[in-house]
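Enquirer: Given the sequences, and given the hints that come with them, work out the whole structure.
Going by full-length UniProt numbering, the sequence shown opens with residue 1, and the numbers climb by one from there.
By construction, these hints were calculated from the structure, which means they are not laboratory data. All values reported here derive from a predicted model rather than from experimental measurement.
Now the in silico label distances, taken between C-beta atoms and shown as ranges:
| # | residue 1 | residue 2 | range |
| --- | --- | --- | --- |
| 1 | Q114 | G509 | 40 to 48 Å |
| 2 | A124 | R266 | 42 to 50 Å |
| 3 | K462 | R184 | 25 to 33 Å |
| 4 | L360 | K205 | 44 to 52 Å |
| 5 | H466 | H86 | 52 to 60 Å |
| 6 | A522 | V470 | 20 to 28 Å |
Note that CB positions come from ideal geometry on N, CA and C, so glycine has one too.
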Amino acid sequence: MNRNDELRKILDHEGGVSRRAMLAYGAALGSIPLLGKASWADSRPSFASDPFALGVASGEPTSDGFVLWTRLAPAPLEPYGGMPAHAVEVTWELADDEAMTRVVRRGKTLATPQLGHAVHIELAGLDPDRWYWYRFHSGDATSPVGRTRTFPAADASPEKLTFAFASCQHYEAGLYTAYEGMARDELDLVIHLGDYIYEKGPSKKKTVRKHVGGEIQSLGDYRVRHSLYRSDPLLQGTHARCPWMVTWDDHEVDNNYADDVSEQSRVDPVDFLVRRANAYQAYYEMMPLRARSLPSGPNMRLYRKASFGDLAELLVLDTRQHRSDQPNGDIASPLNDAALRRSGTMLGKRQKHWLKRSLLGSRATWNVLAQQVMMGLVSRWAGDDGEPRYSMDQWPGYAAERKELMRFLADRRVPNPVVLTGDIHCNWANELRVDDRNHTAPVVAAEFVGTSISSGGNGLAKPTDHDSVVASNPCVRFYNRERGYVRCTLTPDAWVSDYMAVDNVLTPGGKVFKRASFALDAGNASLQQG
1 MNRNDELRKI LDHEGGVSRR AMLAYGAALG SIPLLGKASW ADSRPSFASD PFALGVASGE
61 PTSDGFVLWT RLAPAPLEPY GGMPAHAVEV TWELADDEAM TRVVRRGKTL ATPQLGHAVH
121 IELAGLDPDR WYWYRFHSGD ATSPVGRTRT FPAADASPEK LTFAFASCQH YEAGLYTAYE
181 GMARDELDLV IHLGDYIYEK GPSKKKTVRK HVGGEIQSLG DYRVRHSLYR SDPLLQGTHA
241 RCPWMVTWDD HEVDNNYADD VSEQSRVDPV DFLVRRANAY QAYYEMMPLR ARSLPSGPNM
301 RLYRKASFGD LAELLVLDTR QHRSDQPNGD IASPLNDAAL RRSGTMLGKR QKHWLKRSLL
361 GSRATWNVLA QQVMMGLVSR WAGDDGEPRY SMDQWPGYAA ERKELMRFLA DRRVPNPVVL
421 TGDIHCNWAN ELRVDDRNHT APVVAAEFVG TSISSGGNGL AKPTDHDSVV ASNPCVRFYN
481 RERGYVRCTL TPDAWVSDYM AVDNVLTPGG KVFKRASFAL DAGNASLQQG
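Expert: This is the structure in structure tokens:
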């Protein structure tokens, strides 16, 4: 029985899928060892080509550690990466100098076929607020050297944090020139907000480069697609430059999916959960995540937090896995009864409780919500009835829960909440209120929406609908459609977001430049244009 059949057998039962069935799958997964001990491992493997073709990465920084990642794949565009069906020994080294002459830690681990020969080294007990360098060895092969860092201690008061956030990097749509800019920015961290890969097959239109294979469904499909994206040298370079924190949006599985509901009609939830399980495992294999995020079938704990001293609390959310289905058939609609329903949830009960508890317990100056879809109540057009239309895939489609969260931030006086958003292939700077339609109400939080790395191809500095959108949505302070990323600099007194644009993603040599800047003073959620 192959993997998909095994998944389907466990998930399928009379009457369809239930939460109980998914939990039962998690228990049954114990018989399929992913991190299990290998009975035999090759300690001196030989490779026909570079097994480190996918580079190195680090992530999940804390005050005393982080995760080091690589994946052995001498043939990365094959489902098994050109690796044998047995474990292979990998040695890792951590040093406090780039030349790797002062090694402070080293060890050995096994790259197993159950995890696509990916390795995730979790380190702890290191010095806080310090840069380190690392590399891997297997057989006679040595990886590139990566750079990473620990965060300041919990009781420290850092003077500055600089990070970038990014999203939406369709491989066919453009080059990853934005990452060249990031690599020059001397960042402490990169936060990726999702759409790291796209799931469709090759476009029939002329594109900058092509996907390999058709629409992805199996674990092998998802592995190959991730490997194709990770083969990009600019993306690899930024992964090797500093630690990352990642979360997914929809295209890591299927466009606009919601929990166990596919975008396509008449897809059996069991079949979709099999696909989701494949996607989630490939995602875990390819990202520098901790073992606590190891998927259990179609379930994976991705929401989490990290503290940068008392300067910033970083709360990374998952707005796909736990949400209810989009209302109104996922068609842009007014804020009608379906959009306002109290049962609609973006976060799910458990994640929402965790988020509120984390915000109440935070002692940070800046409380950062890193998530996927636009939280501002922004309408880009009106219907024939004159009523503004809103995206039902974004927070307006879950308006009651959005209002609940905004009211919580206001009533509990959460210090300096800032929302980071991707998904939409545009730049926005929004001022968030309990009800954004009441523009005289106090501003509760700021939202910085970052454009895509490449999705959509070359964009526009001033979209054709710019004036009408800004005029009809006073919460919007900035809107454009260029490609790029957002660079954020935080101090105890202020936050500055620089919208970094790329003038051309269709041919090599594009220039990265600062298009706009917006600032916040600590204690004041109103945006100021720099």
